[in-house]
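Residue numbers (UniProt numbering), protein chains in the order written: chain A, 1 to 405; chain B, 1 to 405; chain C, 1 to 405; chain D, 1 to 405.
A couple of the hints might just be wrong.
As the list makes no split between identical chains, a pair holds if one copy fits it or if it spans any two.
The calculated lysine to any residue pairs, modelled on SDA-like cross-linking and capped at a C-alpha distance of 25 Å, are [said to hold, decoys possible]:
#	residue 1	residue 2
1	K405	N318
2	K287	N318
3	K215	I354
4	K401	Q382
5	K405	D367
6	K255	K347
The hints are simulated quantities; they were obtained by calculation from the structure and are not laboratory data. Model, not experiment: these values are computed from the prediction.
The primary structure of each chain is shown beneath.
Protein chains: 4
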Amino acid sequence: MSNVNKVVLAYSGGLDTSVILKWLQDTYQCEIVTFTADIGQGEELEPAREKAKKFGVKEIYIDDLKEEFVRDFVFPMFRANTVYEGEYLLGTSIARPLIAKRLIEIARETGGDAISHGATGKGNDQVRFELGAYALNPEIKIIAPWREWDLLSREKLLAYAERHGIPVEMKHKQGGSPYSMDANLLHISYEGRHLENPAAEAEEDMWRWTVSPEKAPDQAEYLDIEYANGDPVALNGKPMKAAELLAELNRLGGKHGIGRLDLVENRYVGMKSRGCYETPGGTIMLKGHRAIESITLDREVAHLKDDLMPRYASLIYNGYWWAPERKALQVLIDHTQAHVNGWVRMKLYKGNVIVVGRDSKTDSLFDANIATFEDDAGAYNQADAGGFIKLNALRMRIAAKAGRK
Amino acid sequence: MSNVNKVVLAYSGGLDTSVILKWLQDTYQCEIVTFTADIGQGEELEPAREKAKKFGVKEIYIDDLKEEFVRDFVFPMFRANTVYEGEYLLGTSIARPLIAKRLIEIARETGGDAISHGATGKGNDQVRFELGAYALNPEIKIIAPWREWDLLSREKLLAYAERHGIPVEMKHKQGGSPYSMDANLLHISYEGRHLENPAAEAEEDMWRWTVSPEKAPDQAEYLDIEYANGDPVALNGKPMKAAELLAELNRLGGKHGIGRLDLVENRYVGMKSRGCYETPGGTIMLKGHRAIESITLDREVAHLKDDLMPRYASLIYNGYWWAPERKALQVLIDHTQAHVNGWVRMKLYKGNVIVVGRDSKTDSLFDANIATFEDDAGAYNQADAGGFIKLNALRMRIAAKAGRK
Amino acid sequence: MSNVNKVVLAYSGGLDTSVILKWLQDTYQCEIVTFTADIGQGEELEPAREKAKKFGVKEIYIDDLKEEFVRDFVFPMFRANTVYEGEYLLGTSIARPLIAKRLIEIARETGGDAISHGATGKGNDQVRFELGAYALNPEIKIIAPWREWDLLSREKLLAYAERHGIPVEMKHKQGGSPYSMDANLLHISYEGRHLENPAAEAEEDMWRWTVSPEKAPDQAEYLDIEYANGDPVALNGKPMKAAELLAELNRLGGKHGIGRLDLVENRYVGMKSRGCYETPGGTIMLKGHRAIESITLDREVAHLKDDLMPRYASLIYNGYWWAPERKALQVLIDHTQAHVNGWVRMKLYKGNVIVVGRDSKTDSLFDANIATFEDDAGAYNQADAGGFIKLNALRMRIAAKAGRK
Amino acid sequence: MSNVNKVVLAYSGGLDTSVILKWLQDTYQCEIVTFTADIGQGEELEPAREKAKKFGVKEIYIDDLKEEFVRDFVFPMFRANTVYEGEYLLGTSIARPLIAKRLIEIARETGGDAISHGATGKGNDQVRFELGAYALNPEIKIIAPWREWDLLSREKLLAYAERHGIPVEMKHKQGGSPYSMDANLLHISYEGRHLENPAAEAEEDMWRWTVSPEKAPDQAEYLDIEYANGDPVALNGKPMKAAELLAELNRLGGKHGIGRLDLVENRYVGMKSRGCYETPGGTIMLKGHRAIESITLDREVAHLKDDLMPRYASLIYNGYWWAPERKALQVLIDHTQAHVNGWVRMKLYKGNVIVVGRDSKTDSLFDANIATFEDDAGAYNQADAGGFIKLNALRMRIAAKAGRK
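Next up, chain A with everything else stripped away, as it sits in the complex (with noise of 0.2 Å):
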C-alpha cells in the first residue's frame, strides 16, 4: 500500500463515495479532503457536507462549477459538433476533465498528495479521471477504490456500510435504483441492469429529463439561438450566460420530448456497453450550431472540420482533454469559429429539432445572387463549369484510355 499523507476524494455525499471516505480513512490512515461539485446534476449539495462532517473530515469543498462547465467545457467541445460513434453527445466524458483539474488544485492549495474517486475499474470514467490528473500533476497519488478492494457486489458493499455506521437510504436497501446514472448541466446517463440487453427497449419510466415525445406538447414552439464566435449567447433575444443558457435549453427540450437515446457505445477499457442518454438542450445545440455554421463557415473548413472531429470525440471520450493534441485541435477549431456569428431558428415539436431558418448579418457567405437558377450575371459564369468538369475528370480519361475499369 502506497504511502499516502492526505487524499481529497471526490466525494458525492452519496453511499458509494461515502464508503469509499470511510475506507480510505481505514486502510490509508490518511487525512480526507473532500469535494463536492455542483456541475448542474440536480442535487442538494448541502447534505454532503453534513455527511463528510460526520467522518471528521476537516477540509470540506463544495463548488459552483455550472459556468465553467459549461463555458470553458461544453461550448468548446460544441464548437466542433463532437459526436461520438455517430450518436453519443460526450455529456459524462466532457464533465470528467473540470472534475479532475479541481482535484489536482484542491490538492495542492491543501497539500494534499493523492487523489480519490469512485468510478469503476470497468469503465471509462477512471480513465478520464486518471488522465487528467496526470497531465496536470505528473507526481500525484491516485487511489481508485473499485480497483483495489474487494467491495464488488453490492451486498458487500452495503454490508461494509452497515457494519461502519455509514447511513444507507431506504431506496438502497429496495435494491437500489436499477440503473447506474450521471447528471450534468449537458446531460443524464443510464447504464447497467435492465439496459443490459441491448435488444430490450429501455422502460418508458427510466427517463428523467424529457417527457416521452408522446406526452410532448401537441403544440410546437419556435425558438431564436443567436451565436457569436460560434458559442450560443441568446435566446429568443435575451442574452444569458453559458450555464443558464443550457438549463434553459434544457427546459424546452426536455418538455417537448427532445434528445433520448439509446446506444451501445465502445468503451476505451474494449468493452461495449449499452448506455441511454437525455442531453436535451445539446442536442438542440448541435443542431443549432451546424446551421449557423453552415451560412458562414468557408465549405473547406468546414469539411476539414467534419474529417478531424471523430478523432477530437475520441479524444474527448477517451479522457485526453488536457492532452496536448486535444488542445492542438481545439486550436484550430476555435480559430475557425470567429466568423461563426448570426441566429438560427428552429422548432421543437415531440423529440423534432427543426431548422427553419439561419441567417447572419455579418458573416453570411450564401450569396443568392449567385445561387439563383434565374440567371447568370455577377461572379459566375456557367461556361467555366465545363472546363472545371473537364480538368477534374482528366486523371479518369486518362486511365480510361489507357484501358483501366
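Following the hints, complete the assembly by docking chains B, C and D onto the known chain A.
The following block gives chains B, C and D in isolation, referenced to the frame of chain A:
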C-alpha cells in the same frame, strides 16, 4: 460547334428536356436517342415515349432501373453511414452515376458519339453526369445545353417551346412549380425560388412525400429491420428485394413524418445553396445501420469508417462514384460489412426514428458478462485498468515533469 | 475581350514575359505595370528594368522579397515537414502565393484592374497565381496569355518577338534551354523536353545548383542547426536571418551534392508530369526539423501533424495558400512549434544528410531514466504494461471468442 | 502464480532466453516447448536445439520462416510505403506478428496453454507479441518474465545463470554487447547503452550490415527492379522469390552504405527512445515502390494512400497487425496495387538511392502528349483551365467580397 452524329439524351419527357431535344436537333443537326429511366421518381414514363416519337426520335430507351439503383448504389452508400456535411443523405447525388452509366452504355449500343443532359451550369448534377461519363468513356462528347444556349430565363424557354410547337402544360404557363425538384426512390429534393432566402421557413405545402410530424399518427409503430452483410434484407420478418424494401420504408417513414431536412449546403461548384429534402426510408436506414453496426463492428473498424466517411460522402456528392479512389474506399467498406448481420427494432413516431433494440445471433460482439457492473469474472480484470491508464498517461506525465503546461 | 485599363504583369525580363508585355499592350491597348521580384532565383534584375522601360512601361516595381519569402512562406511550410507525394519539397509551389500577393498589392497601389502572368495553361502555376489573386481581390481581372493567344509553339513565339523587335538571345535561337526551369531561394526545377520520357535518366549537365554526389568532397562536414519555435535560427552557432540562413544551407548542400530529386508527380490540372528538382538547403532543413521535433514534440501531436501533412502539402501544391483551410491548419501547426527549440547535428557527405545528434536544453521530452533497459525506478513500473496490453487486446479477444478470424 | 501446464517459449538460444527457459521451469513447474525461427537474423539455429535439449526440452521447433516473413508481412507493408514518424521502416515491428502467430500455432499443435517471450516490460515488442497472441487465441496465457521476475539488472541475470549452470559466453562476462540488438531479413536495430544520450553520435563500429558511405565503392551501381502488383519480383531482369530478393537487396544496399538511420522515436508504451537501424534493402524498396506507383497509380488513390499511411504505420508499430482495422486497411491497399506493374531503375552510390527512370508497359498513366509544353492537341484544352480555376476560386471570392481576410 463540335461535330456530333448521334446524341443520347437523358429525357424525362418534361418541358425542359423536350426543349433540349428540339434544340439539339436544330443546333446539331444530329440524330437523338432518348433515355428515360424509372428510378422511382413516381412518374409515368410512357408519355415520354409518346413525346419522343412526336419529335421523330427512332431509338427510345425506357428502363426500369429501380432494383439496380437501390442494390448497387443506395445500399453500398449506406454501408458507409454516408452523410454530407453532417446532414444530407445524398439522395440526388447517388442517382447520377447510374444515369451516367446507362447513357454511356446506350451510346455504345446505338453508336452514339455524344450524350446530353438537362442539368444547369450552376449545379452539382452536371458535374456528376459528366465526371461519370468521362470516366466510363473518355472519348464521349458531352453537350450541356444550359451551358451553351441563350435560353437562360424561364420566359425565353417558354417562348422557344411555343415557337417550336412543344406542348406547354398549364402549370408552366402559370409560372410552373415554385421549386426545382428531383425525385428517385431515395428522396425528393426542392431548391430555388421561395427557398433562396435561407432565413425563411419552407412552406408546409411544399413537402410531397411525408406528412408533417404534426399530422402523423398519434400511435407509434414498431419496425424490425433484418440486416445481412450490412444491407437491409427484411422488414418485420418479411424478406424483400432492395427496391421493394426501400419503397416500403418510404411508405412507413412518410406516414410518420420522418426524413424532412432543410439545409444550406456547399456545392462542388463553389457556392452555398439551400435545399429541402425528404428521405423517409433513408433516414430510417441510416439509424438502423448504425445500430446494427454498434453491436457487430469492432471499435477501431467503426472508428476507421467514421474517419473516412466525410471523404467518401464528398466523393459521392462531387460526382466521383466511378473514380478509382471511391472504389478503393468501397472495397474497404464492403470488407467491414461481412459481420454486419442481425436485426434492429425501431419505433417510428411523428418524425422520430427511435432505436429501441438490436441483436445479432451470429455476430454480436456485445458481451454482457464483461460489461456488467456486478463482478469481475472472466476476461476482464479491473486491476488491469491501472496499468492501462498509467502507460497511456506516461507521455503526459513526462511532459508535465518537464514543465509543459 | 474584357475591358481592361491597367495590367500588373509578373515580369522576369526574359523572352516569354517580354512577348507577353508586348502582346498585352497590343491586344488590350492598356497600360502595363511590371513587377519583378528577387526571391533568390539568382538573376540580375536591373536588366528587367531596362527592358520594361524600352516597352514604354512607366510603373516598374523591382522588389527584394527574399527575407519575406523565407520567413513567411518557406519556414511556416517546413514547420509541417511538408512533402508532396512522399518526395517533393514544393519549391515552386511555395513561391507563387507571395507573387500573387504582391501583384494584388501593386494593382491596388497603382490603380490596376488586372494582373497577368506567364504561366502556361497546362501547369500548376497558373492555378497558384490565380487562386491567390482571386482570394486576395475577388474583383481582379486575370489575363493568362498562354491560355488566350495562338503563340503556342516556340516557333510562333520567336516569330512574334522578331516581328515586334523584342531582343532574342542567341540561346533561344538555338533552341533555347532544353528545360523549363524555375528557381528561387528554396529550389531550382527542371521540366519538359528531355525529361518527358520518365524512363530516361536526366543528363548530368542539367543540374545547376548541386555537384553530383560523385564530385562532392571526400571529406564529410558537420553542421549544427539551432531551432527556435520550429524555425532554424543559427548555423554552427552563428545566428542568421531567414534568407541568409537558407542561402548558406544551399551553399553547403550544393557543395555536398545534397537535394537532387527526379520525380513523376501528379499535377492539380490532372496529368502526370516529370520534374527534376534541386533543393539542397530544404533537404537539410526537413531532416533537421524532424530531428528536433523527435525530442521536443509529444507523440500524439507529432502523429496528428503527420496525419495532416499530406493534406497541407496538397493545399500548397494546388495553390490554396491563401485559402481559409490552409490558414486553419497553419494555426494548429504553429501552435505545436512553441516547444520546438534546441539543436540538431548533422553530417553532410556526398548526397547524404545524416542526423547524428539532437538535444534541447529547455524542451526535451527524452528521459533516459525512463527509457533505460537497466532498471525500473521512477515513473515507469514494468508491471503496468501487462494491464496496458490486456485492455488494448480486450476487443480482439472478445471478437476471437465470438469466432471472428 | 497462474496455473500453467505447457509453455511455448520464443527461444533464441542466447543468454536471456536461456535464463527464461530455466526460470520458467523452476517457477511454473511446467513443460517447455521451444520455438526458434529463422527470419533472416543471420545466426546459426542448431546451437539453440542443443541448448534446449540440455534443459530437457522435448518439443523443439526450429522453423525457416524467411520466405513467409518477406512475402506475407514485409511486402504487404511496403505496398503502403509505410514509414513510422517520417523515418523508421518498422523492421522490428513487422517480424513480431509472425512470431506471435507461430507461437499460437505451436501451442495448439503441442497442447500448450501459455506462451512466453523475452521482451522487456518497457519496450514495444511485448505489446506486439501479446496483442498478436491474444487476437489469435483469446484464451492463451502469456508469461512475460521481464515483467514478473526480480532479475532486472545485468548482474542479477548473470548470477542466476551461473547459479543454474547456464553457459555464459565471454562477451557477456565482459559486459556484453553495448547494444540491445534485433535482426531479421529486413533490418538490424541497436538500442540502449551508448545510444541513451541522443545528443551523442553513434560509434562507427556499432554498424554491422552496411559499410559507411565513406567506405562504399567509388563507383555507382545501377539496379533495375521489376514490380508485379506492387511487389518486387525481379532484380536486373532475374526473377526471385521474396526472401531471396530482399537478401540480394540487402547485399547491394549494404555494399553501398545504404539504409542507416539514427532516430528518436515514440514508443507505444509512452516514452521516447533512441534507436539506430540498418535497413539496406528496405530503403531501396521504399524508393522503388514510390517510383513505380508514381506512374501507375491514380492521383487521388495515391493521395488516399498517403493520408492513411501514418495510421497504418502506427498500427504496425503498435502491434496491431492481427487487428481487424489493419486488415481492413490492407484490403484497400492491396486493391490499389493491381496496376502497380513495371520497372524502376536506380543508382546506388555511397548511401544514396537515386531513382533515374521508371516505366510500365501495361499500366503507365503518364501521357507525354498531354504533359508536353509544346502543343494543345488531344485531350487537353488549355482554355479549360480558366473555368477550372474560376470555380475553384469561387468560394474564396465570395468570402473576400463578404469582407473576409
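Taking the hints in turn, this is what the structure says about them:
no.	hint	verdict
1	K405 with N318	between (43 Å within a copy, 20 Å between copies)
2	K287 with N318	both (24 Å within a copy, 24 Å between copies)
3	K215 with I354	both (18 Å within a copy, 15 Å between copies)
4	K401 with Q382	between (28 Å within a copy, 20 Å between copies)
5	K405 with D367	between (40 Å within a copy, 18 Å between copies)
6	K255 with K347	both (13 Å within a copy, 20 Å between copies)
Of the numbered hints stated above, none is contradicted by the structure.
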